[in-house]
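Chains as they are written, first to last, in this note's numbering: chain H, 1 to 225; chain F, 1 to 52.
The hints are simulated quantities; they were obtained by calculation from the structure and are not laboratory data. The structure presented is a predicted model; accordingly, all values stated were derived computationally and were not measured. Heads up, a few of these hints could be off.
[Stated by the list, open to error] Computed from the model, here is a short list of chain F residues facing chain H with C-beta under 10 Å:
#	residue
1	G6
2	A9
3	L13
4	A17
5	T20
6	L21
7	L23
8	F24
9	L26
10	D27
11	L30
12	K31
13	E34
14	S37
15	A43
[Said to hold, decoys possible] Heads up, simulated SDA-like pairs for lysine to any residue below, C-alpha to C-alpha not over 20 Å straight-line:
#	chain 1	residue 1	chain 2	residue 2
16	H	K10	F	A17
17	F	K32	H	R206
18	F	K31	H	R3
19	F	K32	H	Q219
20	H	K5	F	K32
Beta carbons are placed, not taken as given, at the ideal position from N, Cα and C, and that holds for glycine.
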Amino acid sequence: MGRIKVMIYKILLAIWMNLIIAAVFLYVEPAAGFPGEVSRILFFHVPMAWVATLAFLLSMIASSVYLITRKVSADFLAQSSAELGFLFCFLATVTGSIFAKATWGSFWNWDPRETSIVMLLMIYGAYFVLRSAVPDHEKRRVFAGVYSILAFCTVPFLVFIVPRITSSLHPEDTLNPAGPGMDMKTLIFFLGSLCAYTALFVWMLRLKVRMLRIMDNEQGVKFKI
Amino acid sequence: MENGLGFVAAVNLIIWAGITLYLFVLDRRLKKLEQRSGDRDQAAGMDVHYEK
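Just chain H, same shape as in the assembly (with noise of 0.2 Å):
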């Protein structure tokens, strides 16, 4: 892909993300049976929870190739995807943890969503301690590529079945101003949202591995890509 089509792509995005968040408080009526305002951050909490998700599995799927292959890249994306994954997870926390105070009266309430949440950023806490506790290279690889496979075990069962075989606070149909399902317009900026965190993500991702790359070059270790 040429350099002035990435660039056009990255203002693109800007512009995009732009657009979304001043149509999501000025354009979009919040959902209907929430106090105030406080729906509108579902457009924010959400795609955070999904980019955390697809940042996981990209790690599960990086660290598969990386020990069938032993590609040092594939390590790199795997590590970067990791930590985006988490970074998303944690502002996720935080935006629904904001909502909880809002709609439930407390940041905190140790909601099933809640806590199975918190049980995977530590899981992936783990990953990194994991990562900084070998210093052998090769070893620190092939050990950060298994756990992620095992850490990403976790995901379907901490994030989709946990919180539906139990009672939780959690709403399942917040983006809602008139009934069930979502009107048109809500429809429209939430997949707007979606689209541009996916794409911030795959931008933060790009730049992160090329960071590890030149990180790892600087430390004298080659490789080819």
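Given chain H's structure and the hints, the job is docking chain F onto it.
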């Protein structure tokens, strides 16, 4: 604008503009580092390929 919604939107926009600016600056710095590292490797006769 009710309930300071415009203010919240403005704060969000400023934060997003800051993040975008930071990412653009980071992108440029990485490009420079890649070029510098690439030039050095070339001078040392090493075969290292960076993603463009």
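Structure-based check of all given hints:
no. : hint              : in the structure
1   : G6                : holds (7 Å)
2   : A9                : holds (4 Å)
3   : L13               : holds (6 Å)
4   : A17               : holds (7 Å)
5   : T20               : holds (4 Å)
6   : L21               : holds (9 Å)
7   : L23               : holds (6 Å)
8   : F24               : holds (7 Å)
9   : L26               : holds (6 Å)
10  : D27               : holds (6 Å)
11  : L30               : holds (5 Å)
12  : K31               : holds (9 Å)
13  : E34               : holds (6 Å)
14  : S37               : holds (5 Å)
15  : A43               : violated (14 Å)
16  : H:K10 with F:A17  : holds (12 Å)
17  : F:K32 with H:R206 : holds (15 Å)
18  : F:K31 with H:R3   : holds (11 Å)
19  : F:K32 with H:Q219 : holds (18 Å)
20  : H:K5 with F:K32   : holds (19 Å)
Of the numbered hints listed earlier, the single one contradicted by the structure is hint 15.
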